[in-house]
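In case you want the letters, here they are:
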Amino acid sequence: MISSYSFIIILISGLGFYFLGRAKALTVSRSCGGVKGLHSLPCHYGMLTTLWCALPALLIFVVWHAAQPHVITSLVVADLPAEIGNLPQNELSLVINDIRNIVSGNITTTSPNPAIQQAAQHYRSLEEISARSLTAVVLTLILFAGMMAHQKISPSLKARNKVEKLVEIVLLLCSAFAILITIGIVLSVLFEALRFFKVIPFTDFLFGLSWSPQTSIRADQVGSSGAFGAVPVFAGTAMIALIAMLVAVPIGLMSAIYLSEYAGNRFRTVAKPLLEILAGIPTVVYGFFAALTVAPFIRDAGEMIGLSVSSESALAAGLVMGIMIIPFVSSLSDDVIHAVPQSMRDGALALGATKYETVRHVIIPAALPGIVGGVLLAVSRAIGETMIVVMAAGLSANLTANPLKAVTTVTVQIVTLLVGDQEFDSPKTLAAFALGLLLFAFTLVLNIIALYVVRKYREQYE
Amino acid sequence: MDNPANKQTIDRVNKGLSRRYRAERRFRIFGASAILLALSFLVLLFSSIFSTGYKAFQQTFIQIDIFFDPAEFTRENLSTANFPGLIKSSLSVMFPEVTSRGDRKDLYYLISPGASFQLMDVLKENTALIGTTRKIWVPANDDVDMLYKGNIDRTRPESERRINDNQLTWLDKLSAEGRVKKRFNSSFFTSGDSREPELAGIWGATRGSFYTLLITLSLSFPMGVAAAVYLEEFAPKNRWTDIIEVNINNLAAVPSIVYGLLGLAVFINFFGIPRSTPLVGGLVLTMMTLPIIIIASRASLKSVPPSIREAALGIGASKMQMVAHHVLPLALPGMLTGTIIGMAHALGETAPLLMIGMVAFIVDVPHGITDAATVLPVQIFLWSDSPERAFMERTSAAIMVLLAFLFLMNAAAVFLRKRFEIKW
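In the order they appear, the protein sequences are chains H and Z.
Residues in the first sequence are numbered consecutively from 1, following the working numbering.
Residues in the second sequence are numbered consecutively from 1, following the working numbering.
Worth flagging that the hints you see were computed from the coordinates, not collected in a lab.
Some hints here could point you the wrong way.
[Stated by the list, open to error] In silico EDC-like pairs for lysine to aspartate or glutamate, Cα to Cα no more than 16 Å straight-line: (1) Z/LYS302 x Z/GLU232; (2) Z/LYS135 x Z/ASP153; (3) H/LYS355 x Z/GLU24; (4) Z/LYS319 x H/GLU164; (5) Z/LYS135 x Z/GLU97; (6) Z/LYS88 x Z/ASP69; (7) Z/LYS135 x Z/GLU232; (8) Z/LYS124 x Z/GLU177; (9) H/LYS165 x Z/GLU233; (10) Z/LYS319 x H/GLU261; (11) H/LYS355 x H/GLU261; (12) Z/LYS173 x Z/ASP65.
Required output: the full structure, derived from the provided sequences and hints.
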């Protein structure tokens with residue numbers, strides 16, 4: 001808790017130095033004929049002083065906190081009695097966990113022996129020392145840097161430019177963070193996936209026809225060799241996405257056409273937000289709806305006409321996913337239909353075409369690239385959708401074209417492989433990252449194509 | 001006009017007219033029915049959830065006569081007293097005819113295991129109760145609750161229902177004495193998760209959602225606005241900013257589960273942030289909502305007319321002053337609207353949180369960003385997996401609460417837009 005004091009110290013002294021800097025600026029301004037003799041406004045001098053005193057201290061604070069647990073742990077481990085200190089790595093980490101638990105006041109797994117108690121004591125005292133020295137370092141740094149900045153204040157100091165440059169750098173860093181996220185995604189998924197492909201050859205994964213990732217603990221158990229052929233998983237994903245598209249594209253497109261070409265103003269202002277509600281409903285709700293209402297309904301309906309329908313049929317999941325995507329398709333198509341210039345409609349109508357003919361022969365062809373782009377985005381949405389399929393589609397990887405059977409998807413497999421206990425050296429866990437890599441790559445390509453198409457299309461009519 | 005060729009054409013047109021009008025009508029009906037179909041899906045969704053969910057706001061309680069036996073409370077610590085024993089002995093007094101071991105077990109089954117905690121709370125509030133007999137309403141077991149809500153059919157053979165004939169007789173006796181009634185289910189809103197449906201509540205998940213969104217908001221809003229301001233106002237037009245822009249648009253379309261993989265690999269395995277905590281959940285959702293907020297903020301900045309910027313620059317403001325004093329205040333309502341929508345998105349998100357361990361069964365209500373927690377949508381997911389009939393009801397009720405929160409957030413966004421949007 002002492003460490004949070006140093007954070008508060010940084011904040012308060014930052015505020016204090018703002019006023020000090022401003023006051024100094026006002027003082028020096030007297031020698032050069034008032035505030036207008038200064039290069040910048042007094043508040044800029046204040047801000048500059050604040051930044052000078054707080055930024056380095058904040059940096060130290062963050063680095064210190066990132067490094068502290070590692071340093072302290074290694075110090076404590078070094079001081080452990082030999083019989084504990086020489087334990088193998090995994091047992092040692094258990095011991096370290098115990099020590100940390102004692103330090104934070106939790107109940108430990110085993111009754112702690114005196115050596116561990118002592119180590120915990122040691123850990124606690126080191127933490128204390130670290131926090132105190134951090135406070136000391138931060139304080140001296142604040143005072144030193146703050147005073148330096150305070151000293152340097154003079155009427156010719158370009159405080160505003162410096163402050164603004166710094167703020168601009170912060171803004172730049174924030175926008176570069178988006179790149180960092182992408183790099184993080186790619187690296188995290190890629191590294192684990194590469195480890196997976198070291199065990200299972202890439203071609204086996206991509207073209208194998210059998211998927212059963214359950215690997216056994218002992219080598220002599222039944223089904224001990226997991227099979228990692230992802231084709232059934234891809235096929236299931238494709239089937240569910242296809243069913244979803246068969247539902248979403250006609251309904252979404254027709255609603256968009258009706259809303260933009262036929263509906264009166266009153267109807268539009270009511271119907272459009274209502275449609276958009278569908279987009280705002282969390283996917284877990286759709287999943288529950290699929291599992292609770294749609295899947296039993298389809299099963300019963302199938303039984304009535306003598307079909308055997310799995311209770312986790314691809315049809316139910318696909319249908320509900322389609323409902324979810326309707327507003328997505330309709331709002332994207334609405335945008336592109338709106339972008340078709342009014343003059344083209346007027347031209348067609350003036351030639352005597354009915355509204356239907358205008359839509360069919362003029363507006364749709366004109367808007368087609370945009371619609372295709374929107375549909376591609378919707379496909380990538382359907383492929384990446386998780387909760388509906390986790391709750392309503394099955395786990396068994398059947399390679400089938402029958403939509404009434406249970407199939408599994410990429411996202412379902414990722415979730416089932418990664419929820420629960422994980423060990424990061426089994427191909428079972430790593431397979432999830434390989435699937436994640438493919439999912440990311442595939443949706444990325446779809447998105448890039450779709451965004452490019454939509455953008456090109458917009459430019460065409462602007 | 002009278003020339004025969006013209007007449008021929010007009011005839012041909014007229015002949016085709018009725019067919020063309022039919023096609024026109026058909027198309028129009030298709031369009032209208034597409035919208036109606038979509039809206040009927042919406043109605044179906046809501047009605048199927050609301051019709052099961054509203055029942056969970058009520059709960060069956062049974063009144064029992066509890067004798068707070070002084071012999072049980074000899075020790076200092078009240079929590080160590082045998083409260084389940086008190087309930088059992090009071091039931092034995094009320095039903096003296098029940099003697100066999102199996103029957104007694106069936107009898108005790110009617111009362112929820114949570115009743116003993118309730119007694120403890122009652123007693124802690126008023127220790128003077130020791131030695132007296134009180135009538136106390138305690139929650140009934142979930143199967144009893146289901147029976148009184150009409151979800152267990154009395155007419156079915158005994159082996160096919162969760163409540164056997166003996167239990168039905170006892171319950172009928174209790175009902176006749178006015179000892180069974182349905183009351184507002186306040187524990188649903190005040191307690192954490194539980195294995196017993198009648199004790200499970202959403203307070204823990206709601207707090208978890210709150211802390212998670214707090215982290216998300218406090219990171220993604222400043223960063224999103226800063227990034228948008230840079231890209232819109234400061235960035236030079238070059239390859240780098242182009243890449244950043246394409247990148248942000250793509251990030252907004254990356255499947256959410258991939259963010260879960262990122263969180264698992266980077267935050268948990270690399271940085272060692274404890275799993276299942278709102279801290280790591282908030283970080284993952286920050287990554288996810290950041291692109292949404294950036295895109296909305298940029299649109300909002302774009303809508304501020306250039307004349308404002310030129311005027312500010314013209315009277316000698318620096319670029320930073322122009323942005324901070326003039327553009328940003330005008331664009332802020334739009335940015336806030338986008339942020340609220342992004343937050344609503346984050347509130348409903350489930351998939352990435354499954355990856356980072358927020359699916360754990362957590363009974364305690366979290367009290368900070370580093371306590372293990374779960375969030376509302378994940379709670380819904382967990383409950384929907386439970387086989388008990390009573391959990392289905394609770395799942396629907398939790399969905400209703402979640403939808404209510406989402407509705408409020410979206411209403412706030414609409415209000416902000418209506419109230420502060422400036423048409424230039």
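Against the structure, the hints come out as follows:
This hinted pair checks out: Z/LYS302 and Z/GLU232 have alpha carbons roughly 7 Å apart, not beyond 16 Å. Taking the CA atoms of Z/LYS135 and Z/ASP153, the gap is near 30 Å; set against the 16 Å cutoff, the hint is violated. For the given pair, H/LYS355 sits about 7 Å from Z/GLU24 by alpha-carbon distance, which is consistent with the 16 Å threshold. In summary, the hint linking Z/LYS319 to H/GLU164 is supported, as the alpha carbons are separated by about 9 Å, within the 16 Å threshold.
Note on Z/LYS135 and Z/GLU97: the hinted pairing is violated, with a Cα-Cα distance of about 21 Å set against a maximum of 16 Å. Between Z/LYS88 and Z/ASP69 the alpha-carbon distance is near 12 Å, which keeps this suggested pair within the 16 Å criterion. Straight-line distance between C-alpha atoms of Z/LYS135 and Z/GLU232 comes to about 69 Å, which puts the hinted pair past the 16 Å bound. Between Z/LYS124 and Z/GLU177 the alpha-carbon distance is near 29 Å, which puts this suggested pair outside the 16 Å criterion.
With a CA separation close to 14 Å, the supplied pair H/LYS165 and Z/GLU233 stays within the 16 Å bound. Note on Z/LYS319 and H/GLU261: the hinted pairing is violated, with a Cα-Cα distance of about 44 Å set against a maximum of 16 Å. Of the supplied pair hints, the one linking H/LYS355 and H/GLU261 holds, its CA atoms being roughly 8 Å apart against a limit of 16 Å. Proximity of Z/LYS173 to Z/ASP65 is assessed by CA-CA distance (about 15 Å); at most 16 Å being required, the pair is judged to hold.
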